[in-house]
Amino acid sequence: DGGITQSPKYLFRKEGQNVTLSCEQNLNHDAMYWYRQDPGQGLRLIYYSQIVNDFQKGDIAEGYSVSREKKESFPLTVTSAQKNPTAFYLCASSSVGGQGSYEQYFGPGTRLTVT
Amino acid sequence: QKEVEQNSGPLSVPEGAIASLNCTYSDRVSQSFFWYRQYSGKSPELIMSIYSNGDKEDGRFTAQLNKASQYVSLLIRDSQPSDSATYLCAVRGLETGANNLFFGTGTRLTVIP
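Line order of the protein sequences matches chains A and G. Plus 284 on top of the position in the first sequence (first one is 1) and you've got my numbering. Plus 21 on top of the position in the second sequence (first one is 1) and you've got my numbering.
The set of hints was computed from the structure by calculation and includes no laboratory data. Beta carbons: idealized from backbone N, C-alpha and C, even for Gly. Fair warning: there could be bad hints in the mix.
Subject to a maximum C-alpha distance of 30 Å in a straight line, what follows is the list of computed BS3-like cross-link-like pairs (lysine-lysine) [unchecked claim]: (1) Lys-341(A) x Lys-77(G); (2) Lys-354(A) x Lys-293(A); (3) Lys-298(A) x Lys-341(A); (4) Lys-341(A) x Lys-293(A); (5) Lys-341(A) x Lys-367(A); (6) Lys-367(A) x Lys-63(G); (7) Lys-77(G) x Lys-88(G); (8) Lys-293(A) x Lys-355(A); (9) Lys-298(A) x Lys-367(A); (10) Lys-341(A) x Lys-354(A); (11) Lys-63(G) x Lys-354(A); (12) Lys-88(G) x Lys-298(A); (13) Lys-293(A) x Lys-367(A); (14) Lys-355(A) x Lys-341(A); (15) Lys-293(A) x Lys-63(G); (16) Lys-77(G) x Lys-63(G); (17) Lys-88(G) x Lys-355(A).
Derived contacts from chain G toward chain A, CB cut-off under 8 Å, selection only [claimed, not checked]: (18) Phe-55; (19) Tyr-60; (20) Ser-64; (21) Pro-65; (22) Leu-67; (23) Ile-71; (24) Arg-113; (25) Gly-127.
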């Protein structure tokens with residue numbers, strides 16, 4: 285089955301700890317994205333990557349870091365510098381180029397709670 | 022002005038009726054248009070894409086795009102209780118690049134049996 289997987293589904297951490305969220309896709313998509321969603325708000329872009337070993341900051345990158353060592357994988361680290369890390373984190377991927385491209389497909393999400 | 026705006030609802034329609042969801046966007050974001058459905062506690066699921074003016078139909082769903090008036094809408098015919106969800110409008114910007122997909126905050130739809 286082609287798709288995007290995220291793990292874990294739920295994650296609980298103490299304040300001050302870094303945590304890494306996993307995202308893997310087997311859709312052969314070049315681009316991958318990380319969003320966070322807070323109650324009553326739209327999706328906000330954290331980071332995106334269009335190609336291996338390259339990534340760009342989105343609108344709310346402060347307190348987060350990413351890597352893109354493989355096409356299939358785009359892990360997100362939530363650092364202790366992120367002031368309000370509790371949120372629903374969504375990973376997405378898309379192909380790049382051509383009219384049908386840029387349709388973003390989402391993984392199931394990771395719900396992070398920091399206390 | 023926000024790039025993409027939606028009425029947050031809730032929008033309630035009886036089972037079997039047509040649900041009409043609307044989205045307006047600013048000038049800067051007017052390349053490609055998408056509708057996502059998000060069930061409570063789940064991730065968004067892409068249900069429609071539309072790239073040119075006019076209507077696009079897929080089963081019970083019809084997307085309508087009017088670039089001159091800067092709005093895109095989603096019609097759901099024969100609404101079912103299983104259509105109850107939040108519907109997100111997303112718009113890709115004019116600039117090239119993979120990052121600029123702007124999302125609205127969503128309209129919550131409830132279909133009453």
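Here is how each hint holds up against the structure:
1. Lys-341(A) x Lys-77(G): violated (34 Å)
2. Lys-354(A) x Lys-293(A): holds (22 Å)
3. Lys-298(A) x Lys-341(A): Holds - the C-alpha atoms of Lys-341(A) and Lys-298(A) are around 26 Å apart, at most 30 Å.
4. Lys-341(A) x Lys-293(A): holds (24 Å)
5. Lys-341(A) x Lys-367(A): Distance of about 17 Å is within 30 Å: holds.
6. Lys-367(A) x Lys-63(G): holds (24 Å)
7. Lys-77(G) x Lys-88(G): holds (14 Å)
8. Lys-293(A) x Lys-355(A): At roughly 22 Å apart (the allowed maximum being 30 Å), Lys-355(A) and Lys-293(A) satisfy the hint.
9. Lys-298(A) x Lys-367(A): Judged against 30 Å, a Cα distance of about 13 Å means the pair holds.
10. Lys-341(A) x Lys-354(A): Given pair Lys-341(A), Lys-354(A) holds - Cα atoms ~18 Å apart, limit 30 Å.
11. Lys-63(G) x Lys-354(A): holds (27 Å)
12. Lys-88(G) x Lys-298(A): violated (48 Å)
13. Lys-293(A) x Lys-367(A): Distance ~21 Å between Lys-293(A) and Lys-367(A) Cα, so the pair holds.
14. Lys-355(A) x Lys-341(A): holds (18 Å)
15. Lys-293(A) x Lys-63(G): Status holds; Cα separation ~11 Å.
16. Lys-77(G) x Lys-63(G): holds (26 Å)
17. Lys-88(G) x Lys-355(A): violated (35 Å)
18. Phe-55: With a closest approach of 7 Å, the Phe-55(G) hint holds.
19. Tyr-60: Tyr-60(G) check fails; min Cβ-Cβ to chain A is 11 Å, beyond 8 Å.
20. Ser-64: holds (4 Å)
21. Pro-65: holds (5 Å)
22. Leu-67: holds (6 Å)
23. Ile-71: Violated, about 11 Å.
24. Arg-113: Holds, because the Cβ-Cβ distance from Arg-113(G) to chain A comes to roughly 5 Å (cut-off 8 Å).
25. Gly-127: Because about 7 Å separates Gly-127(G) from the closest Cβ in chain A, which is inside the 8 Å limit, the hint holds.
Hint violations for this structure: numbers 1, 12, 17, 19 and 23, all remaining hints satisfied.
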